[in-house]
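A.B. asks: The task is simple: from the sequences and hints, build the whole structure.
Listed in order, the protein sequences are those of chains A and B. Residue numbers for the first sequence follow UniProt numbering, beginning at 1 and rising by one. Residue numbers for the second sequence follow UniProt numbering, beginning at 1 and rising by one.
Since the hints were made in silico from the structure, they are not lab data. All C-beta atoms, glycine included, are put in the ideal place defined by N, C-alpha and C. Incorrect hints may appear among the rest.
Claimed, not checked - Rough simulated footprint, nothing fancy, chain B against chain A, three-plus residues with beta-carbon under 8 angstroms:
1) 97–105
2) 142–151
3) 273–285
4) 290–302
2 protein chains.
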Amino acid sequence: MRATLMYGAGDVRVAEVADPTIVEPTDAIIRVTHACVCGSDLHPYHDLEATPEGRPMGHEAIGVVEELGADVTTLSVGDTVIVPFAFSDGTCAFCRDGITTSCVHGGFFDALETGATQAERLRVPQADGTAVVIPAGTDESLMPSLLTLSDVYLTGHHAAVRGGVEAGRSVVVIGDGAVGLSAVLAAKQLGAETIILMGRHASRTDLGREFGATHVVAERGEEGIAKVLELTGGEGAHVVLEAVGHMPAYEQAYGVVRPGGTISRVGVPQYEEAPVGFASLFGKNATLTGGPATVRAYLEQALPLVLDGTIEPGRVFDRELPLDEIAEAYRLMDSREALKVLIRP
Amino acid sequence: MRATLMYGAGDVRVAEVADPTIVEPTDAIIRVTHACVCGSDLHPYHDLEATPEGRPMGHEAIGVVEELGADVTTLSVGDTVIVPFAFSDGTCAFCRDGITTSCVHGGFFDALETGATQAERLRVPQADGTAVVIPAGTDESLMPSLLTLSDVYLTGHHAAVRGGVEAGRSVVVIGDGAVGLSAVLAAKQLGAETIILMGRHASRTDLGREFGATHVVAERGEEGIAKVLELTGGEGAHVVLEAVGHMPAYEQAYGVVRPGGTISRVGVPQYEEAPVGFASLFGKNATLTGGPATVRAYLEQALPLVLDGTIEPGRVFDRELPLDEIAEAYRLMDSREALKVLIRP
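C.D. replies: If you want it as structure tokens, here you go:
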């Protein structure tokens, strides 16, 4: 089959690789119909060392079940399913807590062992726990929005849920990428009153306004912090959703959070150490939360909202390309010419 | 009056200083009847630079109101009051949120401008918002427990509340000092099922068991983490209450916290930067919270529990000395010969 491999920074190609096969009786094989490029795919695109064997890429997918392991009971061949970026058994102690990304039998896609979604076919481990069936007959026009339930929209939702967004809260969203815009939409859904989107790309922040942002702050650093404080009566925001992952975004977050407020991170931190002492978090009783989105735990609740048109998170896709043009998809996203590119393998 | 001044590391003396006076119409002056030495007083005791003018010490007090500013309406001369370690107006946006330590008109005791409690008299700023009256006729035997409501018990309580301790949760308390033991008692009050106290001083951990600890782990570092994991079925604890403030305690905290769990810090961090990335907090969706205890926000609720004997947090005091022997009090606590020393000025 054709699959996307990254051979080093900036070097993404479609290659012919072996088809995935059932390895464990809990596996399923799907034919990928919809995949996409994630903002986090750009991290290796910037800094992956030379990898002669190629790193499989992609962790968001919708596909059709082609083959099932002997132990899979909830899926049928021919089902169209959403596959979250992390697989999980749905039964372990952490899955029962809703922390599906820490499943004891779980893991993440786009590794050599697990395969990846920017490809024609995918092995889905723990298929019963992982895949969610889309009702037969669902209109093709809903697929982009359904695809966002594999990662980007529910990552924004995770930020908002872990941050404790609720009616009447003031929320700052840092980052106008697809995750940041998803966080705006999720915060709106959860009843946030004031939603301040920090970003400087007008085409993106315009979509942010349509998703529910009440204010846009283009300034960064101290200026950006001052602007948010001004918009919140000098008090700061109850909740800050950090959808970038770089240190300046984190610094912005603790600068704008209200005493007693919460910073919720879903941008994968590109740092390990950060300020957490008296001068940053501790002194104002700020809470730091977030992590890899527990997409699977939210998926069944979110599905009907997409199917009935309550939310349209697929609007983050502004381009669509065939798998063979995956390199162009990465280029478009890296250069910010595209917000998020949908791929049809 | 006589007051405690610290002139440098290890150098604590009682000196004759001017009596405090009403500065703002919202002030009260109290005659301090009960004060004590806090674990956090040991930080400057270890590292205060030479301070020829002396630094006033102490931030926990019970006292009798001697004089009131013109705007104070809720107190009367002769009232016996508890004074929390931070003063607050009780009316600003942050006080209304319960984050009284971030009060816009508030501040902390033991600074030159605000005075300190290891002294015969104290100026209490924002007296209406700050001081809480102890009912007339309260038995003297309850005073040690009531004194803990100015800081140490309610700091443990703050850790437990911010950490989300509730029925059925597993809790690890790091530190067997007076705050750690208070955190055990508070966690027990909030319904924690398993309470694992990490500490190695048997006389202290014995009191911890009486306060509600179900297990004691004396091991530290990797060994201590392994022991806690063993006690929690390999899963880690829902809530970790960190009552030390040094980096090894923080490292222990993220080592033992369960995926999706919460680390709540009340030990004043003696560091600004710490691990918060994928390998420590983010990867397992751990939450980091805590800060200076919002004692005042809990005080009215805790008072009846002490008065009716439900809790006896004053058991953390194992020594009592007159003000003139304050240097000995510091020495006893620093050498760990005493857990916490009550001072009678």
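A.B. asks: Work down the list of hints and note, for each, if the structure agrees.
C.D. replies: Quick rundown of the hints versus the structure:
1. 97–105: holds (count 5)
2. 142–151: violated (count 0)
3. 273–285: holds (count 13)
4. 290–302: holds (count 4)
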